[in-house]
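Please arrange chain A on chain B, whose structure you already have, making use of the hints.
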Amino acid sequence: MSPLDYLVLFGTLVGIAAYGIWRTRGAHSLSTYFKGDQTTRWMVIGISVMATQASAITFMSTPGQGYESGLGFVQNYFGMPLALIIVAAVFLPLYRRLDVYTAYEFLGRRFDAKTRLLGAALFLLMRGLAAGITIYAPAIVLSTVFGWRLDATIVLSGLLVIVYTVTGGSRAVTLTQKYQLALIFGGIVLAFIVLLARLPAGLTLTDAFTVAGGFRKLEAVNFSFDVHQRYTFWSGLLGGLFLSLSYFGTDQSQVQRYLHGASLRESRLGLMFNAVCKIPMQFFILLLGALVFVFYQFEQPPVFFNEVAWKAQADHAAGPRLRALAADFAAVHAEKQQLIHAWLDAQHAGNPPAAAQARAAAIAAQAHSEAIRTETRSVLHAADPRTSTNDSDYIFITFVIDHLPHGVIGLLVAVIFAAALSSKASELNALGATTTIDFYRHVVRRDAGDAHYVTASKWFTALWGLVAVAFALFAHLVENLIQAVNILGSVFYGVVLGLFLVAFFLGRVGGTAVFWAAVAGQILVFGLYFTLNIGYLWYNLIGCAACVLFSLFLQAFIGSRGAAAPVTALS
Amino acid sequence: MKHPPPHDKPATRGPDPTPVADDLPGLPWLHRWRAVYLFVLGCFALWVALLVVFGWLFA
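One line per chain: the protein sequences are B and A, in this order. The C-terminal position of the first sequence is numbered 650 in this note's numbering, with every residue numbered one higher than the one before it. The C-terminal position of the second sequence is numbered 60 in this note's numbering, with every residue numbered one higher than the one before it.
Just chain B, with the same shape it has in the complex:
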């Protein structure tokens, strides 16, 4: 990075922190601290919801998915439009009518205290751990860029996020997200333009898509019914529906965003904005990754994208083997490059048999490349078992640092941090709000004033930030960051959604039945997760169905005691 890159990077970071502190100066009431002043228009609501979901992980990890697995990950979002319609039509009107601070407050009013605390506890557990993963993402950037130790980077960047978040109330979070998302979109477009400009002379966009398609990177939709495949149309539609319904309908980090709306209309339109825009947005980020793959067919990529980890071992006993593998990798890459040129030349010359032959040879060479990469991972792991063998999250940032012009590098790194701060602020703010409203104010101290609860919330926010940092130190053990967040969500979200669906639609089920049904459902999901080999999105459906069915079953035994349900979506 040049001085210009550092100037852009630190200028943005300091600017965001200063802006957040400035906008949150002065005293807050409990309502404005947690729900803003409730004058926000639909576009800002929509941006805030999108920015909360699209963290630094989205910008770094998703292109890595596109590079390695193609566009199939976009199916993960197929359930989202329908889920957002359900949230807008059913969940949102009730939240607004009851004027709740947190989604779990609604469970308390509908059922009882223990069910409210269970829902809040599941949220805190799941979101607290996921927050650790999202702190880990920008730390990768820093450790790669500066060559720092990853654990030290996690602690330092985590502390920076905590300081920024604790000073910010919910309104400031929403306001800053507006500019941060603009930066993210600007960054994506800029990266696209520069990437296309850096493709070899004579290679058209159609050629680039042909190469990506030839290596099966553009197969976005898979209608297979095989439940063992991670991403299919059906798992995305059904599992994704339940995951999105849980995330947008019951996760406080999102509920808090759309409760800011000036009216029901503004909140609803903000959600519909996301329902329309999210799939194309994810498609373009994945396509960016697929095009980075094409770029690296004509430019020598590193054999292992986490070059810091590779170099660390290359200087020790494993060095000769690693260097030999890198030389093999370079030789196979040169051969593959010639085959791709032959493939495209045959295509341009209108010779399909020759094109198919060259393409098949290129695919075989790619398989050979992947085998060398796999062996490199094994050597690295054998040399030091603590070395993370996952380098997919390093792909995009490696491309940015090695191939984009100075100034743009600083801007894109700043964009990643802007996204990280934006989503982290929402998450920690929601964790602080839930701990304060659902536990502290509800269980520990019920009669204090606004200032006391606002102060308590800031302390809880800081505490959750530290928990997230501690968890982030172990995040390198997971396969892929964005998948890890979704897997974690899928294990917990289904049961939480079941609680809410029972609350909304099954008026005859009472608190005791739904509480024990949720406990049993969560145990079942844990058991299945460790014993079954199915796509993780299905756990959303299983957890939700188990909670709903168990609660009906238990209620039938208990009878009508405690089943009064004055507030449901059907009331």
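Don't take each hint at face value.
Pulled a few chain A residues facing chain B out of the computed Cβ check, cut under 10 Å [to be verified]: (1) D24; (2) L25; (3) G27; (4) L28; (5) W30; (6) V41; (7) L42; (8) L51; (9) F59; (10) A60.
Covered stretches of chain B (in silico footprint by chain A; criterion: 3 or more residues with CB under 8 Å from a CB of chain A, positions within the stretch not fixed) [said to hold, decoys possible]: (11) 150-158; (12) 341-347.
Simulated from the structure, these hints should not be mistaken for laboratory data. Note that the coordinates shown come from a computational prediction; the quantities given were computed from them, not determined experimentally. The C-beta atom is built at its ideal place from N, Cα and C for all residues, glycine as well.
Relative to the frame of chain B, chain A by itself:
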């Protein structure tokens, strides 16, 4: 400001919501929420179709 002690007593049943201007989408050609939701589902179907065609074109 002091808050009354929060209780988890069930909230009372509110009056049936009646459509008021604030609750309408107020978008051109989309005057009812049902129309907005259908529009969103139509966009989803369009995205899926475009993704299938895109993958098929360069398979």
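These are the hints, each one checked on the structure:
1. D24: With Cβ-Cβ at 6 Å, under 10 Å, it holds.
2. L25: 7 Å, holds
3. G27: Status holds, d = 7 Å.
4. L28: 8 Å, holds
5. W30: 14 Å, violated
6. V41: With Cβ-Cβ at 5 Å, under 10 Å, it holds.
7. L42: This hint holds: L42 of chain A lies near chain B, its Cβ roughly 7 Å from the closest one there, short of 10 Å.
8. L51: 9 Å, holds
9. F59: 3 Å, holds
10. A60: Hint on A60 of chain A: holds, closest Cβ of chain B at ~6 Å, below 10 Å.
11. 150-158: holds (count 3)
12. 341-347: holds (count 4)
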